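Participant: Okay, here's what each chain looks like letter by letter:
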Amino acid sequence: MKNTNEMELIFDSKSVNEGFARVAVAAFMTQLNPTLEEVADVKTAVSEAVTNAIIHGYEKKVEKIRIHCRLEEQILYIEVEDHGKGIEDIEQAMQPLFTSKPELERSGMGFSFMEAFMDDIVVESEPKKGTVVKMYKEIGKGRELWTIQSL
Amino acid sequence: MKYQVEENSLTIFLPKELDHHNAEDIRRKADRLIEKNHIKCVIFDFRDTNFMDSSGIGVLMGRYRMICLLGGEVWAVNTNERIKKILIMSGVTKIIQIYEEEKV
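If you're matching them up, the sequences are chains X and H in order.
Mapped onto this note's numbering, the consecutive letters of the first sequence carry residue numbers 1 to 151.
Mapped onto this note's numbering, the consecutive letters of the second sequence carry residue numbers 1 to 104.
No wet-lab data here; the hints were simulated from the structure.
All values derive from a computational prediction rather than experimental measurement.
One should not assume that every hint holds.
Pulled a few chain X residues facing chain H out of the computed Cβ check, cut under 7 angstroms [stated by the list, open to error]:
(1) Val16
(2) Ala24
(3) Phe28
(4) Thr30
(5) Gln31
(6) Thr35
(7) Ser100
(8) Glu103
(9) Glu105
(10) Met109
(11) Ser125
Here are the simulated PhoX-like cross-link-like pairs (lysine-lysine), alpha carbons at most 25 angstroms apart as the crow flies [what the hints assert, rightly or not]:
(12) Lys101(X) to Lys129(X)
(13) Lys141(X) to Lys101(X)
(14) Lys14(X) to Lys36(H)
(15) Lys60(X) to Lys85(H)
(16) Lys2(H) to Lys101(X)
(17) Lys16(H) to Lys85(H)
No residue lacks a Cβ here, since even glycine has one placed at the ideal position from N, Cα and C.
From just these sequences and the hints, can you work out the full model?
Facilitator: Have a look at this one:
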């Protein structure tokens with residue numbers, strides 16, 4: 001049987017919760033024995049997704065953001081969901097440097113960072129309904145297991 | 001957060017985590033100091049910073065836009081490996097230089 005574990009977080013779309021969200025996911029993934037770099041990668045990706053939900057999804061209105069995490073063996077699946085205004089053109093939104101809010105000094109790198117730091121990311125969105133960002137990352141990839149080396 | 005003005009250069013000592021939540025505050029204070037003191041050189045000091053996301057890149061790019069109109073420059077100092085990686089990945093190092101102190 002597969003070793004699995006799940007958790008769900010629901011919190012207000014306030015910017016002060018960005019730090020909370022990424023630290024909570026980082027704490028949850030420690031059971032996979034990740035490297036510091038893997039933890040940093042996941043924290044950055046979660047931070048980007050949550051910031052997007054706050055700024056773009058809800059445009060600073062206070063509503064709920066939901067994060068769902070699931071571990072399956074060494075793979076961490078993360079979903080970040082909002083019920084905000086949604087994305088009209090997902091392809092355009094995911095282009096590097098594209099931003100719908102240049103006046104807020106958004107760099108337009110949010111999705112690029114999520115793509116770079118996670119193994120894969122899928123965005124599902126419907127205008128006026130909301131957005132779900134689904135991403136996953138395999139933890140401990142390429143790390144040598146010292147226990148199988150001959151002593 | 002600490003800010004230090006010396007002649008026409010401004011050093012911003014960034015917080016532990018540079019995200020969207022505290023980006024706004026830095027932006028507002030930095031811009032006020034830049035205007036008031038005729039700043040030409042902005043130095044972002046990352047000595048205490050161990051987390052930055054794309055909101056942080058936005059802060060750096062925004063200050064660069066302001067400063068380059070005045071003919072000045074922007075530097076990043078005391079960056080750890082992680083911060084360096086984020087800066088390089090974002091491409092912001094084409095306009096903002098990372099200053100590395102020589103190791104003795």
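Participant: Decide if the proposed pair is consistent with the structure: lysine 2(H) and lysine 101(X), CA atoms, cutoff 25 angstroms inclusive.
Facilitator: Given pair lysine 2(H), lysine 101(X) is violated - Cα atoms ~28 angstroms apart, limit 25 angstroms.
Participant: For the hint on alanine 24(X), does the least C-beta distance to chain H fall short of 7 angstroms?
Facilitator: violated (14 angstroms)
Participant: Holds or violated: is the Cβ of phenylalanine 28(X) closer than 7 angstroms to a Cβ in chain H?
Facilitator: violated (17 angstroms)
Participant: Between lysine 141(X) and lysine 101(X), is the straight-line Cα distance small enough, at 25 angstroms or below?
Facilitator: violated (36 angstroms)
Participant: Under 7 angstroms, Cβ to Cβ, is where glutamine 31(X) needs to be relative to chain H, so tell me if that hint holds or is violated.
Facilitator: Where the cut-off is 7 angstroms and the nearest Cβ of chain H is about 21 angstroms from glutamine 31(X), the hint is violated.
Participant: Holds or violated: the hint that valine 16(X) contacts chain H, with Cβ atoms closer than 7 angstroms.
Facilitator: holds (6 angstroms)
Participant: Lysine 14(X) and lysine 36(H): Cα distance at most 25 angstroms?
Facilitator: violated (31 angstroms)
Participant: Within a Cα-Cα threshold of 25 angstroms, do lysine 16(H) and lysine 85(H) meet the stated pairing?
Facilitator: holds (17 angstroms)
Participant: Can you confirm whether the C-alpha distance between lysine 101(X) and lysine 129(X) stays at or below 25 angstroms?
Facilitator: Distance ~20 angstroms between lysine 101(X) and lysine 129(X) Cα, so the pair holds.
Participant: Does the closest beta carbon of chain H sit nearer than 7 angstroms to the beta carbon of glutamate 105(X)?
Facilitator: holds (4 angstroms)
Participant: Would you check whether glutamate 103(X) satisfies its interface hint, that is, whether its CB is within less than 7 angstroms of any CB in chain H?
Facilitator: violated (11 angstroms)
Participant: Hey, does the threonine 35(X) contact hint survive, CB to chain H under 7 angstroms?
Facilitator: violated (12 angstroms)
Against the hints set out earlier in the document, violations occur for numbers 2, 3, 4, 5, 6, 7, 8, 11, 13, 14, 15, 16.
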